[in-house]
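Asker: Each chain, written out:
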Amino acid sequence: MSEARYAIGVDLGTTNCALSYVDLAAGEGASGQQQTMPIPQLTGPGMVQDRNLLPSFLYLPHADEMVPGDLVLPWGAQPDFIVGELARERGAQTPIRLVSSAKSWLCHAGVDRRGAILPQEAPEEVPHTSPLDTTVRYLEHLRDAWNHQHPDAPLGEQELTITIPASFDPAARELTAEAARTAGYERVTVLEEPQAALYSWIQSSEGAWRKQVQVGEIILVVDAGGGTTDLSLIAVIENDGNLELHRIAVGDHILLGGDNMDLALAHMVAGKLAAQGTPLDPWQVRALTHGCRAAKELLLVESDHEVIPIVVPSRSSRLIGGSIRTEVSRQEVTATLVEGFFPVVEAGARPLNRPRTGLMQLGLPYAQDAAITRHLAAFLTRQISATADLAGIGTPAANASFLHPTAVLFNGGVFKSALLANRIMDILNGWLKSEGAPPARRLEGADLDLAVARGAAYYGYVRHGGGVRIRGGTAQAYYVGVESALPAVPGMAPPVQALCVAPFGMEEGSAADLPPQEFGLVVGEPAHFRFFGSSVRRQDQVGTRLDHWAAGELQELGEIELALPAEGRTPGEIVPVKLRAAISEAGTLRLEAIPREGAERWQVEFDVRS
Amino acid sequence: MTERKLSLFARIPLAISAFWRIVFNGEFAQEVVRLRQGVSPERPEPTVKPAALLQETGPAAALQMLGLLQQDGRFIDFIEEDVAGFSDAEIGAAARVVHEGCRKVMREHFTLKPVRSELEGARVTLEAGFDAAALRLTGNVVGDPPFKGALTHKGWIAVETKLPKVAIGHNVAILAPAEVEL
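Chain order of the listed sequences is A and B. Each step along the first sequence adds one to the number in this note's numbering, with nothing skipped, and position 435 is 435. Each step along the second sequence adds one to the number in this note's numbering, with nothing skipped, and position 23 is 23.
The hints are simulated quantities; they were obtained by calculation from the structure and are not laboratory data. Glycine is no exception: its CB is placed at the ideal position from the N, C-alpha and C atoms. Hints are not guaranteed to be accurate.
[What the hints assert, rightly or not] One side of the interface only, derived from the structure: several residues of chain B facing chain A at Cβ under 10 Å:
| no. | residue |
| --- | --- |
| 1 | Q30 |
| 2 | E31 |
| 3 | V32 |
| 4 | R36 |
| 5 | A62 |
| 6 | Q64 |
| 7 | V97 |
| 8 | E160 |
| 9 | E181 |
[What the hints assert, rightly or not] These stretches of chain A come out as covered by chain B in the derived footprint (C-beta under 8 Å, 3 or more residues):
| no. | segment |
| --- | --- |
| 10 | 130–141 |
| 11 | 198–204 |
| 12 | 316–325 |
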């Protein structure tokens, strides 16, 4: 394989994808060599246009929906499905044929992510596809667009970085890497989105970032995209006289983003209209959502508009006679969005967990508490000792009840509304003030829509030795569940111990020690293990056994599976193995079973059919 | 058309060939007589017919733009509807849809710029050789440049046009398909 010419960053977002790249040969990655690839896509039947973003939507049309030849793409492909803008638009009118939020499904351990389960509520005759396969199709579209524009530098030969939420579990990370390999992305690395946003900020500062942050600072990255909100903490430390960035903590996976806010506003306005005797049908609600998004952006910047009219156009050709006019006021937007998603809470606030009802529809596990500020408070409190091991920072003051960030970087389309970013700053600074800490300041200058793709491309450049690298390794320690050797009590499941197999902070390309414990695996019978992650237990080493742990300290992830092939063995034979963890160069976790004798290795499967 | 003067060495063979042509070619001799009387020689009929200076612009791009304005801005619906029976408030509400959508389409496909950057109403001076296509003179149009006058409209120029690519065989005449909900 020839030497990579470009470092390419792919932002594989819940609602939009973007691709950005840096010419490695041109050097000087920090000086504006960066480009965003225009992505040709269908915007109407038989109509192709370039866009900076590829909406992450897949539409599976009926055979009679399109004229043959209407789905042709610039590179000559005529697939029987649509991705991008036309998919989103068609899907809004025919939701049963639309696959959306594939990324959220990809990290949903409760479903079979390789199974043809999407669109979720579609009738049987609609072709179905899997979250993994949908991801592959987006990546293939980006690959074809790239190869069409760069015939002399095929994408498979470039240095590729794909971004994922920092809160993705090992299974979702591995599935993303697998989708990339399937789509022909050979040299691929996965990078956490908040880190990518910070890389983009570093790059756009053109070297000035070293003056803008000091040793000992803690940067909070708040990344609120269309579908997810992602929190990360990055510390600035000094090593041999150089500034270094360490990602010290990541938050939980919060399935809550800008789309939820637009929907909330639309439902508020629709309710108002219904009360006035004008009920809306689903088509009109979608049109209203579109209008609400625009109104939100107008009312949530510091403007002098007090009221924004919203018109829901009629669906028929009678535009003037059939449209519905309403308006939304600043006060209503504030009440719905600012108070609903960013309420003023104490630093000790916690997200509310409503008990799940027994019969739950198998859908996406949306955040139960829409208040992003409560999630933020819980995150900072949980991570209070995240800096304990870092030279130059140490533990926070004794009276501190949460970790004190000194700077905040915002990312994601939600923060186009300056009011929302200011709101978070005010609340955070209120918490800091109550504990006598100086206020945090806001780091400016990143492009809210494209920063992740840009930062990812810049990261590829950094990996080629071009700039400062954010360190930190894995943001969780991982454990497998081991049944305690206790006498069985009828009617009670034996208590589970958690055995640490991968410590916190493992770097790419490194392997953990071999734990002393062995497991007896039965040949021919797949063994299932419970699997846990912890974002707070930084001290546990490989082999540490936990009998009990505090609530929230360990989180159960999807079950993992290990099957020994029967070749050369008698079914039923018991083979003693040890589990060893390693982080691949791509940044994904691998767990291998190593037998007491012999050089064989068996891969533990994270994504188990459920 | 300006041509360089012929040298003496070029003029001698020309005189000789002209002599023989005058002797043997009556028409040519007549032309020379006219030339000597100070009348310029008759121009041959122009070979290009005036009608061919005009061309048909293909309908495809126009239909495509109409389709886009309808798709995003409901432009055709708005123009085709009879506004007589509606109040200004009702028309205004629909106009918001049309304005927002058409503006989006226009900004996406054209990069527009004013022809003149001065404020409308400002005094401007047009030097000789200005582009008469980009600047229209109105009112008391007499005399020679430089012209002085007030800028009544700043003008618009499309500095970039980016139209969508269309699949071969795609029927652009369908500006908006009929919709049937099943």
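Asker: Now look at each hint and say whether the structure bears it out.
Answerer: Against the structure, the hints:
Hint on Q30(B) is violated. Least Cβ distance to chain A is approximately 65 Å, over the 10 Å limit. Interface hint status for E31(B): violated, as the beta-carbon distance to the closest one in chain A is roughly 61 Å, over 10 Å. The beta carbon of V32(B) comes no nearer than 64 Å to any beta carbon in chain A, farther than 10 Å, and the hint placing it at the interface is violated. Hint status for R36(B) relative to chain A: violated, with the closest Cβ pair at about 67 Å, above 10 Å.
A hinted interface residue such as A62(B) counts as satisfied when its beta carbon comes closer than 10 Å to some beta carbon of chain A; here the least separation is about 15 Å, so the hint is violated. For Q64(B), the shortest C-beta to C-beta distance to chain A is roughly 8 Å, which falls under 10 Å, so the interface hint holds. Here the hint on V97(B) is kept, as its CB sits about 5 Å from the closest CB of chain A, short of 10 Å. For E160(B), the shortest C-beta to C-beta distance to chain A is roughly 13 Å, which exceeds 10 Å, and the interface hint is violated.
Interface restraint check: E181(B) against chain A, minimum CB-CB distance 8 Å, threshold 10 Å, status holds. A count of 0 residues in the segment 130–141 of chain A with a Cβ less than 8 Å from any Cβ of chain B is obtained; the coverage claim is therefore unmet, three being the minimum. Residue count for the segment 198–204 of chain A with a Cβ under 8 Å from a Cβ of chain B: 0. That is fewer than the three needed, and the coverage hint is violated. With 7 residues bearing a CB less than 8 Å from a CB of chain B, the segment 316–325 of chain A meets the requirement of three and the coverage assertion stands.
When each numbered hint is compared with the structure, violations occur for hints 1, 2, 3, 4, 5, 8, 10, 11.
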